[in-house]
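Enquirer: Sequence:
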Amino acid sequence: MWQGVIPAVTTKFNEDGSLDIGEMERCFALQMDAGCDGLIACGSLGEGPMLSHDERLEVLRVAKRASGGKPALLTVAEAATRDACALAAKAAKAGADGLMVVPSTIYHSNHKETVATLRAVAQAADLPVMIYSNRVAYRVDVTCDMLEELADDARFVAIKESSDDIRRSTDIINRLGGRYDLFTGVDNLAFEALSVGAVGWVAGLVVAFPKETVAIYRLMQEGRQREALDIYRWFRPLLDLDVSTYLVQNIKLAEAMAIGSNERVRAPRMPLEGETRARAEKVIRTAMEVRPQLPRFD
343 MWQGVIPAVT TKFNEDGSLD IGEMERCFAL QMDAGCDGLI ACGSLGEGPM
393 LSHDERLEVL RVAKRASGGK PALLTVAEAA TRDACALAAK AAKAGADGLM
443 VVPSTIYHSN HKETVATLRA VAQAADLPVM IYSNRVAYRV DVTCDMLEEL
493 ADDARFVAIK ESSDDIRRST DIINRLGGRY DLFTGVDNLA FEALSVGAVG
543 WVAGLVVAFP KETVAIYRLM QEGRQREALD IYRWFRPLLD LDVSTYLVQN
593 IKLAEAMAIG SNERVRAPRM PLEGETRARA EKVIRTAMEV RPQLPRFD
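Its first residue numbered 343, the sequence shown is counted upward by one per residue in my numbering.
These are computed hints drawn from the structure, not numbers from a lab.
In this text, all values refer to a predicted model and were calculated from it rather than measured experimentally.
Here a beta-carbon is modelled for each residue, glycine too, at the ideal position from N, C-alpha and C.
The reader is advised that the hints may include incorrect statements.
Listed next, the in silico BS3-like pairs over lysine-lysine satisfying Cα-Cα at most 25 Å (straight line) [claimed, not checked]:
no., residue 1, residue 2
1, K412, K435
2, K553, K412
3, K412, K432
4, K624, K553
If you anchor each label on the Cβ, the simulated ranges turn out as follows [claimed, not checked]:
no., residue 1, residue 2, range
5, D507, E367, 31 to 39 Å
6, A493, G411, 22 to 30 Å
7, D396, H450, 25 to 33 Å
8, R578, G410, 29 to 37 Å
9, A422, K553, 39 to 47 Å
Full structure from sequences and hints, please.
Expert: In structure tokens form, the structure reads like this:
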């Protein structure tokens, strides 16, 4: 159902902390102009947990307008299943094309609880769902056993695999074939995941470097792995910025340097400073100085 590069977009703020609708419209349009295949609003990178439900729905509406008919998904990541279901229902009414759903972000649910939560959210919205499995950040692993159990509900259409173990991608395909659209959710494992059968990439650094991200994906689809790998090797130091406690600040800094956006984040986050900032700036600046010329692709 879904495939390709789908950015997990950042949320933009004005100086007073309110949503900067105009800047989001500009930045989201850059993603679509580069050939991205949809947008995901208010995930971890989009600071979703720091936003009210109303704010998240507003970001979704901006993404929906920008996506040009391609899928615009809202991330549902709540501590309580009741709140997740309420947001899911609101997202459906607001025109979401689907949801990316994270199990409880506070309580680390067991197998039975995780499956029940995912089923409840899918039923509340009655929309296609991308299951987000990230045992590293959220400590809830949506395993192959769970995916097999959930496979009887056609609303579960995709899995964003972020276990940080590339073997899991092959495990999912071996167990379930093409039942789920398999997306990689770890930027610095994207080439590896696409090599073993992932059909999509929920990307982070794409928001600052959309053309390079799309090029890697499209070249891989055309069987031009050598050319894709050359770009990926250039990209890797940047992609490593996504795998960090400071991924939001890192990537917003990259946006500021690469596309002229801003670094505003919502507290308790603060923009990078000191040595942490200097290291990130060096990575970004060095990459921009040797930015590759992209080959033509279909």
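Enquirer: Now tell me if each hint is right for this structure.
Expert: Now for the hints, and whether the structure bears them out:
As the CA atoms of K412 and K435 are separated by approximately 18 Å, the hinted pair is consistent with the 25 Å bound. Simply put, K553 and K412 have alpha-carbon atoms about 17 Å apart, close enough for the 25 Å limit, and the pair holds. Of the supplied pair hints, the one linking K412 and K432 holds, its CA atoms being roughly 20 Å apart against a limit of 25 Å. Straight-line distance between C-alpha atoms of K624 and K553 comes to about 21 Å, which keeps the hinted pair within the 25 Å bound.
With their beta carbons about 37 Å apart, D507 and E367 fall inside the hinted range of 31 to 39 Å. Between A493 and G411 the CB atoms are about 28 Å apart, so this pair conforms to the stated range of 22 to 30 Å. At roughly 28 Å, the beta carbons of D396 and H450 sit within the given window of 25 to 33 Å. R578 and G410 have their C-beta atoms about 30 Å apart, which keeps the hinted 29 to 37 Å range intact.
Checked against the hint of 39 to 47 Å, the C-beta distance between A422 and K553 comes to roughly 40 Å, which is consistent with it.
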